[in-house]
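**Student:** Sequential numbering of the sequence shown, starting at 1, is according to full-length UniProt numbering.
Careful: at least some of the hints might be erroneous.
[What the hints assert, rightly or not] Restraint-style ranges between C-beta atoms, simulated for each label pair:
(1) T63 to D6: 27 to 33 Å
(2) Q28 to D57: 19 to 25 Å
(3) P61 to Q8: 26 to 32 Å
(4) P31 to L9: 14 to 20 Å
These are calculated hints, taken from the structure and not from any lab test.
The C-beta atom is built at its ideal place from N, Cα and C for all residues, glycine as well.
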Amino acid sequence: MAVTLDPQLLEILACPSPDHAPLTPGTQDDPAADALTCTSCGRTYPVRDGIPVLLLDEATPPTDGERDSRDEPSSDGA
1 MAVTLDPQLL
11 EILACPSPDH
21 APLTPGTQDD
31 PAADALTCTS
41 CGRTYPVRDG
51 IPVLLLDEAT
61 PPTDGERDSR
71 DEPSSDGA
């Protein structure tokens, strides 16, 4: 089942990571998935009962194929 969020809501939602990038419906592999994917870091956030769960602890990290070259892992001390 595809994510059906109000387009105005989807416009203002952003990834809670420090990048705060926009989110797109679905995942890279499944555009109809009940999830939202960050356009910057590639994390996927679940949508449960029509409600986006925008918690970093609930996010699925991107696979290597979903990351682009600018999204290199960073160290906490840098």
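**Student:** Now look at each hint and say whether the structure bears it out.
**Tutor:** Right, here's what the structure says about each hint:
1. T63 to D6: 27 to 33 Å: 29 Å Cβ-Cβ, so the 27 to 33 Å window holds.
2. Q28 to D57: 19 to 25 Å: The hint (19 to 25 Å, Cβ to Cβ) holds, given that Q28 and D57 are roughly 21 Å apart.
3. P61 to Q8: 26 to 32 Å: holds, 29 Å
4. P31 to L9: 14 to 20 Å: holds, 18 Å
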